[in-house]
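**Q** Could you put the whole structure together from the sequences, leaning on the hints where they help?
For the protein sequence lines, the chains are A and B, in the order given.
Position one of the first sequence corresponds to residue 2 (our numbering), numbered consecutively onward.
Position one of the second sequence corresponds to residue -8 (our numbering), numbered consecutively onward.
What the hints contain is simulated information worked out from the structure, not anything from laboratory work.
Don't take each hint at face value.
As the list claims (entries may be wrong) - Quick list of the computed label-pair ranges, beta carbon to beta carbon: (1) L145/B - E211/A: 22 to 30 Å; (2) E211/A - I115/B: 47 to 55 Å; (3) K63/B - E155/A: 35 to 43 Å; (4) G234/A - K63/B: 27 to 35 Å; (5) G300/B - T473/A: 51 to 59 Å; (6) S61/A - L118/B: 25 to 33 Å; (7) E155/A - I39/B: 36 to 44 Å; (8) E211/A - F99/B: 48 to 56 Å; (9) W174/B - I534/A: 52 to 60 Å; (10) T473/A - F90/B: 40 to 48 Å; (11) P198/A - F90/B: 52 to 60 Å; (12) G234/A - W174/B: 26 to 34 Å; (13) Y253/A - F90/B: 52 to 60 Å; (14) D104/A - S302/B: 41 to 49 Å.
Backbone N, C-alpha and C fix where the C-beta goes; we use that ideal spot for every residue, glycine too.
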Amino acid sequence: MKNKLINVFALAIFFLTATLFAGGQQGDKDAAPAADLDPNVPGWTLDTSPVEFDWYLHFSWFPNQWGVDPLSQYVTEKTGVDINFIVPAGSEAEKLNTLIAGDQLPDFITIGWWEGFVNDMIEGDMVYALDELAEQYDPYFFKVAVPSRLGWYEREDGHVYGYPNASYSPEDYERYDVPANQTFLVRKDMYEALGKPDMRTPEGFIAALEAAKKMFPEVNGQPLIPFGSHEFGDQGSDSFGKFLQDFLAIPYEEADGTMKDRFADPEYKRWLKAFNDANNKGLISPDIFIDKRAQMEEKIAQGRYFSMLYQRTDFASPQMTLFKNDPDSVYIAVPGPSNSKLDDPTLAAVGISGWTVTLISKNCEDPERAIRFMSYWMSEEGQRDFYYGVEGVTWEMVDGKPQFLPEAKEMMDTDRPAFDKQHGANQTFWMLMDNPMFEQWQPAPVEPFKQMIEWTYPYTVSVSQYDNTEPTPDLDEGIVLGKVKNMRGKYIPALVTAKDSAEFEAVWNEWQQKKADLGYDGVLEYQSEKLEINKAKLGL
Amino acid sequence: MRNHMDQIPLRKLSLKSRIYHQRYLLFMALPALVWMIVFNYIPMYGIIIAFKRYRIIKSIADSPWVGLANFKELFTEGDFSMVMKNTLGIGFMRLFIGFPLPIIFALFLNEIKHAGFKRTIQTISYLPHFISWVVLGGIMMNWLSDAGLFNEILMKTGIIDEPRFFLAEPESFWNIAVFSDVWKELGWGAIIYLAAISGISPALYEAATVDGANRWQKMMHITMPSIMPTVSIMLILAISGILTTNFDQILVLRNAVNQSASDVIDIFVYRVGFKMNRFSYAQAISLFKSVVALILLLGANQISKKTQGHSLF
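**A** In structure tokens, the structure reads:
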């Protein structure tokens, strides 16, 4: 009897909530059409009454808040817009999943363009089309938006839902020196002591590692690590994937214009074998498979690596430590692994897709002010505000040109977190930063970073057309691609640590076979079709 | 004046008057019941996504049914046998080593007569329990590295000649996982047995002393049998949890080279569900795990009931 009562109760609650889950779709708000808005008048100047927006950032590491520094206070005063950043405390995916599933998306969302969530939010009708908002409330938007970026992000329905930051069009590559992030680095003093060996061939590479290990067995009492790479994860390591392939100048597409599996290229195999040989000679320390980014940064600061295939931006703080101790112990970029024809590397740098996209959610109660604020930030005036900060605090006019104040510049180069809090300029807020526009203001890079930045200039290439070709995880091809990527985390370490050539061959063949069995060809076909569309968009 | 109903055994009353009679007690239990229903029972509705192809932008009801496709994929997945092997391997090792040790520890701790010494040992032994695995994982990685504590000790004592990268050896991973967990949880796990021991009537020990039993005999013939019901219940629970590996621990200790020994079901679910956003597939794996756990629980419970006379229900 008692059990029955509980059963009835539980069932009742079950059905009650089931109906709750099923209901609750929100209807679109009807908005009055724009009357007579002048596209030459910045929309944000029409209304500067206070308004607050919640702004979600899909980056748990973002350390700053709005309103702490003089710049954001200045922008709030100028435009009336106050921002409350929402940053996930732990797993980003978990946070955004909850926001989407609970229909709790805040006003703005800034997220990496490659994330499947972007497609989810658009298909789920959760975000506004920016072009529609602009037509209705702020035609000035079209004046400040870069047409090639809008064209790139236009979807099949003819609308644009997100606007990128750090976006470089192929033309920007001709206009500016765009740096790449992938570098092959060596410790300057050791490299010079070894007589600057040529490390472009497998033989030269192994010989140099061997010589380095012999000449410098220990660094400050701890064993030298002859070669360092990026952290290994479920999908392998960037160093043994994209970075190595870029250095070997492996193309993204076949001669007939279809997408290519860069992980099956013979040049790539040749170098994995080289790393395997190095491993069997005891030149690859197991550290590189175990260490996480924090441990690696610590070891860089101690100068324990002889050579690294690594992103130079991660050297910002450890390189400074080394430089202060001994300017000769820093890392410098040198020619690294090359293909058998010794071609120049083709280092892919950021393309038209940029880094993040910013979207306006349909939960936003004041889309009018939201789109106008976006236009403000995208305009040259907004970019200059966010780049230089507040006049008198961070910059002053010198000969009719804005210049950072010396104290501000000093703090920017040496103590970035303090600079963010006390100035808030120079991309502290990067959500809509327009890097090509900064080129006119950017000061020249300084040592100890100058050498590694400038080394990449001649080798940087635009690979915009290959961005955004991957199938999203809701498609069958997307699932296959996910599995193919997860295999990299398993097979690449297995290949590098294979006991002998026979085992290496067996593992390699098993890997290629597994990819074929999963149906990777279907994924490449899908990507080839997307590539076709992208090329048309970019006019290539 | 005494209520005459107090003298009637409760089970003889009708349900209604029984509820009325215990209304205050039931009222106190209500919040917990509501909590259970809201957080444990209602979410069970979500289990059906294991048979659907769920996308986060649609409601569960709107997602299309796919039958057993997710399960079929799981059992034909290349990594499935490896994942099962690791899960069961670590699970059984933990059961055989991690289960009896706290009991033995509690028995011996109980024999220490000096109260201050006993308490000190107890406190030290359960200290590691309060360090989270995220922190402890970092410490373990240091201890197990080429210039770490363990290599230092083994080198100094001459057991090995050159440093070993323990975390890079798949064959060492099960041992690392099980023994570090045993070390962390030993003292904490012993608490429940110490509580059971403290409930034993001193009269039994006094009678045994009169009969001339020594301490070993008292431990084997009084303490052990007295805590057996607790041990049985704990064993049943431990068996049902055999597929539940310590997720935090394995997540921080696993890496690219030991993954052939460190990929377990929980990690697999995390990888597929969170990293690849395949909620339905992850739910299918999780449901499979729950069903196996339920079977193990019922089985262990039944065996214990038949052989020992103690059971959960």
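**Q** With reference to the structure, classify each hint as holding or not holding.
**A** Comparing the hints with the structure gives:
no.	hint	in the structure
1	L145/B - E211/A: 22 to 30 Å	28 Å, holds
2	E211/A - I115/B: 47 to 55 Å	48 Å, holds
3	K63/B - E155/A: 35 to 43 Å	39 Å, holds
4	G234/A - K63/B: 27 to 35 Å	28 Å, holds
5	G300/B - T473/A: 51 to 59 Å	57 Å, holds
6	S61/A - L118/B: 25 to 33 Å	30 Å, holds
7	E155/A - I39/B: 36 to 44 Å	38 Å, holds
8	E211/A - F99/B: 48 to 56 Å	55 Å, holds
9	W174/B - I534/A: 52 to 60 Å	57 Å, holds
10	T473/A - F90/B: 40 to 48 Å	45 Å, holds
11	P198/A - F90/B: 52 to 60 Å	57 Å, holds
12	G234/A - W174/B: 26 to 34 Å	28 Å, holds
13	Y253/A - F90/B: 52 to 60 Å	54 Å, holds
14	D104/A - S302/B: 41 to 49 Å	46 Å, holds
Violated hints for the displayed structure: none, as all numbered hints are satisfied.
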